[in-house]
Amino acid sequence: MKNTLLAPSLALALTALAAPAAPSEPRAARQWEVVDVALEATGDPEPRGVLLRAVVRGPEGQSLEVPGFHDGGKRWLIRVALPSPGRWTWETVSNQPALSGRTGAIDVAADPGQRGPVVLDSGHPQRFRYADGTPYFA
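Numbering (the working numbering), first residue to last: 140 to 277.
Everything labelled a hint here was simulated from the structure, so no lab data went into it.
Some hints here could point you the wrong way.
[As the list claims (entries may be wrong)] DMTMM-like mimics (lysine to aspartate or glutamate), calculated; alpha carbons at most 20 Å apart, straight line: (1) Lys-213 <-> Asp-246; (2) Lys-213 <-> Asp-175; (3) Lys-213 <-> Glu-230; (4) Lys-213 <-> Glu-179; (5) Lys-213 <-> Asp-250.
Could you put the whole structure together from the sequences, leaning on the hints where they help?
Okay, structure coming up:
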């Protein structure tokens, strides 16, 4: 009798561990603001063996792949700065079931004061510019 009760309980517990968490309410952010998406792992996996990334999709069909990283203990982070306004959705991919298949959304508001990161100017590789095209003078 004990074994018949244990098997369904164990199956239910394993299903709960492997099931992705329900998506949360969309987070609010400004254009180019750094956003950390925190995830909690179950158990105590060795961080060096865990692979984590998020596929982030933008309102105009953009797609970014963002690596995740271990932040200590059971905490993992996906860090992203989104380049355009609108609703961006993300989904995690991992070799750890508790970290894979997590989903969420970030609502990005336009911020005209933000120019984005400094990058090489493709037309003049010896010069830099902001992501919005404004020249960068150091």
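**Q.** Hint consistency between Lys-213 and Glu-179 [alpha-carbon to alpha-carbon, up to 20 Å]
**A.** With a Cα-Cα distance of about 5 Å, the restraint between Lys-213 and Glu-179 holds, given a limit of 20 Å.
Q) Is the straight-line distance between the alpha-carbon of Lys-213 and that of Asp-246 20 Å or less? A) violated (27 Å)
Q.
Would the hint linking Lys-213 and Asp-250 be met if the CA-CA limit is 20 Å?
A. Violated, at about 34 Å.
Q.
Just to be careful, I want the Cα atoms of Lys-213 and Asp-175 compared with a cutoff of 20 Å; is the pair within it?
A. holds (15 Å)
Q.
Hinted pair, alpha-carbon criterion (20 Å max): Lys-213, Glu-230. Please report holds or violated.
A. holds (19 Å)
The structure does not agree with the numbered hints 1 and 5 stated previously, though it agrees with the rest.
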